[in-house]
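*Asks:* Spelled out, the chains give:
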Amino acid sequence: MERIRERVIQIYGNLVSLLQKCIFCILSVGPIPNHIAFIMDGNRRFTKKCKLMEGAGHKIGFSALMSMLKYCYEFGVRYVTVYAFSIENFKRSPEEVQSLMDLMLEKIEEILKEQSIVNRYGVRVIFSGNLKLLSEPVRLAAERAMLATAKNSKAVLSICVAYTSTNEIMHAVQESCEEKWDEITLLNSSGAGYGLISLGGYEQDEMDHLIKLTDIEKHMYMAAAPDPDIIIRTSGETRLSNFLLWQSANCYLYLPSVLWPEIGFRQFLWAILNFQQIHFYLDKQRKQS
Amino acid sequence: MFFISSFLHVSVHQVTVFKLLPLYFPSSFPISKIYFNLFFFFFSFSFFNFSKPLFSRLCLNRSMDFAKLKRMLYYWIHQIVNILLRLTWHLLHVTIHLFYFAINIANALESLLISKGLLRRYKSLHISKLQYLAIVIESEDCRTSNVIELLQWLADLGVKHVCLYDKEGILKKSKDFILEKFDGATLFQENDVLLDQPLMTLEFASFSDGKEAVAKAANVLFMKYLKSGSTSSYQGEQIFTESQMGEALKTVGGNGPEPDLLLVYGPARCHLGFPAWRIRYTEIQHMGPLKSMKYGSLIKAIYKFTMVQQNYGK
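Keeping their order, the protein sequence lines are chains A and B. By our numbering, the letter at position 121 of the first sequence is numbered 121, and the numbering carries on one by one without gaps. By our numbering, the letter at position 70 of the second sequence is numbered 1070, and the numbering carries on one by one without gaps.
I should point out that these hints are in silico values taken from the structure, not numbers from a laboratory. This one's a predicted model, so the numbers in the text were calculated from it and none came from an experiment. Idealized CB from N, CA, C, for every residue including glycine. Any given hint could turn out to be false.
Listed below are the simulated EDC-like cross-link pairs for lysine to aspartate or glutamate, each with C-alpha atoms no more than 16 angstroms apart in a straight line [as the list claims (entries may be wrong)]:
{"id": "1", "chain 1": "B", "residue 1": "LYS1304", "chain 2": "B", "residue 2": "ASP1260"}
{"id": "2", "chain 1": "B", "residue 1": "LYS1211", "chain 2": "A", "residue 2": "ASP215"}
{"id": "3", "chain 1": "A", "residue 1": "LYS284", "chain 2": "B", "residue 2": "GLU1168"}
{"id": "4", "chain 1": "B", "residue 1": "LYS1224", "chain 2": "A", "residue 2": "GLU175"}
Some chain A residues flagged as far from chain B (calculated, every beta-carbon gap over 12 angstroms) [to be verified]:
{"id": "5", "residue": "GLU2"}
{"id": "6", "residue": "VAL8"}
{"id": "7", "residue": "GLN20"}
{"id": "8", "residue": "ILE111"}
{"id": "9", "residue": "ARG120"}
{"id": "10", "residue": "ARG124"}
{"id": "11", "residue": "LEU134"}
{"id": "12", "residue": "ARG144"}
{"id": "13", "residue": "LEU147"}
{"id": "14", "residue": "LEU255"}
Some chain B residues close to chain A (C-beta under 7 angstroms, calculated; not the full set) [stated by the list, open to error]:
{"id": "15", "residue": "LEU1087"}
{"id": "16", "residue": "TRP1089"}
{"id": "17", "residue": "LYS1211"}
{"id": "18", "residue": "ASN1219"}
{"id": "19", "residue": "PHE1240"}
{"id": "20", "residue": "CYS1270"}
{"id": "21", "residue": "ILE1279"}
{"id": "22", "residue": "ARG1280"}
{"id": "23", "residue": "GLU1283"}
{"id": "24", "residue": "ILE1284"}
Take the sequences, apply the hints, and build the full model.
*Replies:* Shown next, in the form of structure tokens:
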């Protein structure tokens, strides 16, 4: 009896994945997004709604994340970004922050294993954000994960931890200032500076353009990925909460009202269909800027 | 056999046209898509009828061996599947167009009811919660008459501070015209505190107030850094803070207050490059194209905003 039941479940699973593959075949007739970003909102609300233990919502949210990643990579999306932990989230109670950090540590170890999604789809994992704000074990695990998957080149997963967009912009500005300073010092020391440091050698116009937009964009945490095509935020909230503000100028915001642990294939499908509907317009906007 | 194969041959070339169609009609009424599909279908069919002799030479080769036949079969099966996939995709998108059309009709009815004051929920708005409103308008859609009508509605609702943004800067150029035509507003000054004022304050922004303003602010900060003559350039130190960045942005003229609500009047829910530093916790609502703006949907959007609770990360 058990064996028959298992068999039925297996056949059902196969049918479902076959159906998903067919749908992906049909959808690939139209434009496929290059980069999708997820804001994983609603874990705590899910815990309350289903009356689970504390932290269970986040665990279920992680498996929802794995299934969304599977859909993305099977469909052919090359870059996926997820908003795991914001700098503002450090304001939460220390126990909650600690449990989230422990969960993150556990999951980083898990994705480095052989059969995980990372190795199956050749995914390079990048941790974007101000990693210095993280505790030592988490930071080391993150760096280890980045190193271990550095050779994979088929897809990229950017996990934003200790990340806010304003912090990213500021960090990029700071890095470009330091780079410019090093450049000028180098010129000065090699004698070709003409006294640049004393500011006498530059016109006001030139001084305004020492640091260009391209320098700043080069130093962003998210410089390794192109601008996102779709940002999906669950739980029906309509704000970006300091996520990818710089990069989302021509990006479609899809805001389903499901909570993150409840997200499934239906929402993914709807996001892609909506994206394909307005792709032409957003592409035109991107080319103009 | 000959009939089917030559028909398919023409359909294959037609497939590329199918693919190009959505590019020409991105947001048009779906019926036109169906008509165009049918038109090309019959056109290619009649073209095929006039070019029968050409295709007969390709297909009626009696000395085809088995391997070649198999290859041809796979080729035609592949083509058929391709065509079916494309047709399904088009059908899917036409269905979605129809769905959104129905949704738009429902929304129009609802906003009609709201503007007549028939829905009790929207009767009293806590407009004081809305300190600063920003409106993003699609540049090609930007008709000043519509903009002025929208500003009139906002003034009637009691909104005190509005920022108008469009990517190309068209609104900025017609700033004086708008201020002249709409006499209930003054220009927003940099050091205006968001107090209750008798007139509405208007701010105009464009794409250059976003990324380029950050680049200019970076230069300002760099100059400060050079002038302070700091010799220690240890890479890990935090030289700038976010508040310093905010100050620098103010000096280059790219930093107004942060909007509470951002209304997007355009074909897509996308903030089109509104200055990134200001929309950290801004609620973004999509209102549809500007030419089909409705008073009722404006009230609904503001009502939805007043019902929202933010944790700010906690």
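*Asks:* Decide, hint by hint, whether the structure agrees.
*Replies:* Cross-check of the supplied hints:
no.: 1; hint: B:LYS1304 - B:ASP1260; in the structure: holds, 12 angstroms
no.: 2; hint: B:LYS1211 - A:ASP215; in the structure: holds, 12 angstroms
no.: 3; hint: A:LYS284 - B:GLU1168; in the structure: holds, 13 angstroms
no.: 4; hint: B:LYS1224 - A:GLU175; in the structure: holds, 15 angstroms
no.: 5; hint: GLU2; in the structure: holds, 39 angstroms
no.: 6; hint: VAL8; in the structure: holds, 29 angstroms
no.: 7; hint: GLN20; in the structure: holds, 15 angstroms
no.: 8; hint: ILE111; in the structure: holds, 25 angstroms
no.: 9; hint: ARG120; in the structure: holds, 26 angstroms
no.: 10; hint: ARG124; in the structure: holds, 25 angstroms
no.: 11; hint: LEU134; in the structure: holds, 15 angstroms
no.: 12; hint: ARG144; in the structure: holds, 21 angstroms
no.: 13; hint: LEU147; in the structure: holds, 20 angstroms
no.: 14; hint: LEU255; in the structure: violated, 8 angstroms
no.: 15; hint: LEU1087; in the structure: violated, 9 angstroms
no.: 16; hint: TRP1089; in the structure: holds, 4 angstroms
no.: 17; hint: LYS1211; in the structure: holds, 6 angstroms
no.: 18; hint: ASN1219; in the structure: holds, 5 angstroms
no.: 19; hint: PHE1240; in the structure: holds, 5 angstroms
no.: 20; hint: CYS1270; in the structure: holds, 6 angstroms
no.: 21; hint: ILE1279; in the structure: holds, 6 angstroms
no.: 22; hint: ARG1280; in the structure: holds, 5 angstroms
no.: 23; hint: GLU1283; in the structure: holds, 5 angstroms
no.: 24; hint: ILE1284; in the structure: holds, 5 angstroms
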